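Line order of the protein sequences matches chains P and G.
My numbering puts the first sequence at residues 1 to 152.
My numbering puts the second sequence at residues 1 to 753.
Incorrect hints may have been included.
What the hints assert, rightly or not - Label-pair restraints from in silico Cβ distances:
no. : chain 1 : residue 1 : chain 2 : residue 2 : range
1   : P       : T3        : G       : G481      : 56 to 64 Å
2   : P       : D121      : G       : D632      : 17 to 25 Å
3   : P       : T64       : G       : G224      : 29 to 37 Å
None of these hints come from the bench; they were simulated from the model.
None of these values were measured; they are calculated from a predicted model.
C-beta: ideal position from N, C-alpha, C; glycine also.
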Amino acid sequence: MVTLTVNGASRSFDGDDDTPLLWYLRDELRLTGTRFGCGAGLCGACTVHLDGQAVRSCQTQMGTLQGRRITTIEGLSADGTHPVQRAWEQHNVAQCGYCQTGQIMQAVALLQQTARPTDADIERVMAGNICRCGTYQRIRAAIKAAANGGRA
Amino acid sequence: MSRVENVSRRQFLHGVATAGAFVIAAKVLPSSLLAQQAAFRTAAESSPLNPSVFLGIRPDGTVFIVTHRSEMGTGIRTTLPQVAADELDADWSRVTIEQGIGDVRYGDQNTDGSRSIRDFYEAFRHAGAAARAMLVTAAAGQWGVSSGECITRNHQVVHQPTGRTLDYGALVPAAAKLAAPKGEELRFKERAAWKFVGQDTSTYDQKDIVTGKAQFGLDVFRDGMVHASIEHPPVLGGTVRSVDDAAAKKVRGVQQTVALDTFKPPHGFQALGGIAVIGDNTWAVLKGRRALKVEWNDGPHASFDSEPFKQTLMATVAQTGKVYRNLGNVDSEFGKGKPIEATYYTPMAAHAAMEPPAAVAEVQGDRAVVWAPTQNPQAVQETVGAALGIDKKNVEVHVTLLGGGFGRKSKPDYCAEAALLARRLGKPVKVIWTREDDLRFDYYHSAAAVYHKAVVDGRGKPTAWLQRSAFPPIASTFGAGAREPLGFELDLGLVDLPYDIANIRAENGPADAHVRIGWFRSVCNVFHAFAAHSFADELAHAARRDPLEFVLDMLGPGKVLDLKAQGVNYSNYGAPYDRYPIDTRRLRRVLEIAAERSGWARRKSGGGQGLGIAAHRSFNSYVASVVEVAVDAKGGVKVPAVHMVVDAGVIVNPDRVRAQMEGSAVMGIGFARLAEITALAGRVQQANFHQFQVARIVDSPLQVHVHLVQSNELPTGVGEPGVPPVIPAFTNAIFAATGKRVRQLPITTAKLL
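The whole structure should be built from the sequences, with the hints applied where relevant.
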């Protein structure tokens, strides 16, 4: 039995230790905002925060999460008003939208580490998150806007 | 011709709350088609209405607009309703969008071919205009005034002389009793009065996307549902020789395995076959698959190796092929000078939408319900109906948001799998494809070889131009063993070479398909445009002329191309040619604007810096690209900027057009740099994103500048036409920067050293 905190609520899990956090979130908790893209830590669609750090939930086994704190896109803000979410909306970043929750979680972690990221910082930290629609230019702009207190 | 009907009292809509609402339905048929055939017109007017558009207003004033097109990222689910809401003079904050289920009554629902705006703009306009006229009539009736004294203003009818107003909601009961105006009675807003069309608008789903609430195919859960993951035959058409599922069944949560039959050729959209692992949750079935031991009978396609196949394609285009366009006589011209020749190659590629295929199905008796991210819900009805042996009308298809499509999700094989398993198991089933499944069992974009040959005059301008392509055709998906393309495949950038040259011949050679072939964003335009616009650049450099000036010279002053007079039966993306002709003046204009915006004339190439240009008409739209590159001594390539200029007629949502051009630039650059699917012994060798690479932020242009041509031409699509010019503009830029001509994709570092 593993007990952990997901979006501020205490949860327990008694399945196989090797179960990826991704499938626990999606299939058991129905927190479907965390997306499946590759299952191999290659695309970033499943990015969540583990004790405040961005991790790939498809590569994070439940057996390692005793007492840990998980935040998903659903827990990022109560009503979608986190500055990064607002910046994403203002820049109309999403096309299909599938990867964007992972992009947002990665961008939030970036801004927690680096309040005013340069283009090089953004490229380094966001390189693991694929967007097949090709919204990178707006992702870059939205991150800068969020860093700048919402001003473009 | 348009038809609008008041359907308030009819149960037309499935799953949409219409109680007490005023609902109209509209359809517009292309005038040219009707003009040609009086009998068709009569039939269309008197037959039951198959409306493309439903628009309704509930008593609380909420407007609902049904969109029958699939949302895969283009914004179409927002954009088409905007057209109706504009004519309705609605308050956008009071408009809700309902996703239509699969139903032939909507007319075509296959969201591909960049034609949703082209084909349905008018119908949505008519629906909005008709509803507004009826609301005005209803208000005038209540006030006892002439409707000529009434106008609309943001969800209200206003009686101008007295200033009285009535909200649309208050007029619903009266409007619901009125007859709809006839098409010719409709009055549309002046362009100056448009309030949504031509304006940037946030997409309807943006908020749900950033909060994680948006529902894609994988997000559907049904009570009692089981999960399924399928081990497909590694070679197309292979069958199961033996299965050992003992270890798989020991995995916690795995319930059983189910064998699925391999399709009977042609494969079409049928399930591939294989062994499905069924279980309580996704992880159980993925783990169960790893423990599964299957031996296969591979069948004839096990002979397929992509490297020798490439050589076969290259050899095919060195031979005379079947002629599809023949203007003048290239052969007699070729005898007069020293021809310039080049052969180009582009490899197979996968769609790799971020959401892999997934579907949920429930089957009871002769009825099935499917939830799926599909571009074509009617194809789901047909495919599932055929798989289960039931009437397609009994297949109810709910379209979720699509986590990308790019053509892959027009082919509903994964829906057939879910339905077959749901019937076998007697419970709802969710089928999930892994990324490995997605890359190994795609309907691939074909590998292609394209040969070009020209002779030129004293200024280096071609007097004769031959082009010849060979690629496994999409035809092979629908006809077993088909080696020649369906006509439309060559209409995508081969027979429609737009240059004003006296002697042109277009040929195609046969090619065998050993994997499933499908359409990928802009389809054959990818390789035809890469080759043609690379060759044009080569000719310009051979003549020591500026590539832009050279291409403009080849286009001539500009005109409407008359392919029919040349004996070419050009399918023109399904659009009537008289309304959507190939107009080379529009190609000239996008080129000229792209040159101006990029500073083409004053920018010097060389020393690792370079600009490349190309323009291409596809899907009835015109796009020019200028790509800027910086190549370092180690062969590393950066793309500081891409300039995209698009003429797609009247633009409904400029922000979404820009987004499509931005995405096309990224996809085109990524395709050129990275995309390659290979096969050995019939098995695709790329498993995941470490092997089939797509553009990441670091591979992508730093800036994509988009310019929209202000136009009153008929609106056309933008989902695909941005991709074709980007690739040759990129390789032309590399040539300008380094003197290295890239004729084979992908561009590897080795090719630049």
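Which hint numbers doesn't this structure obey?
-> Of the numbered hints given earlier, the structure breaks none, since each of them holds.
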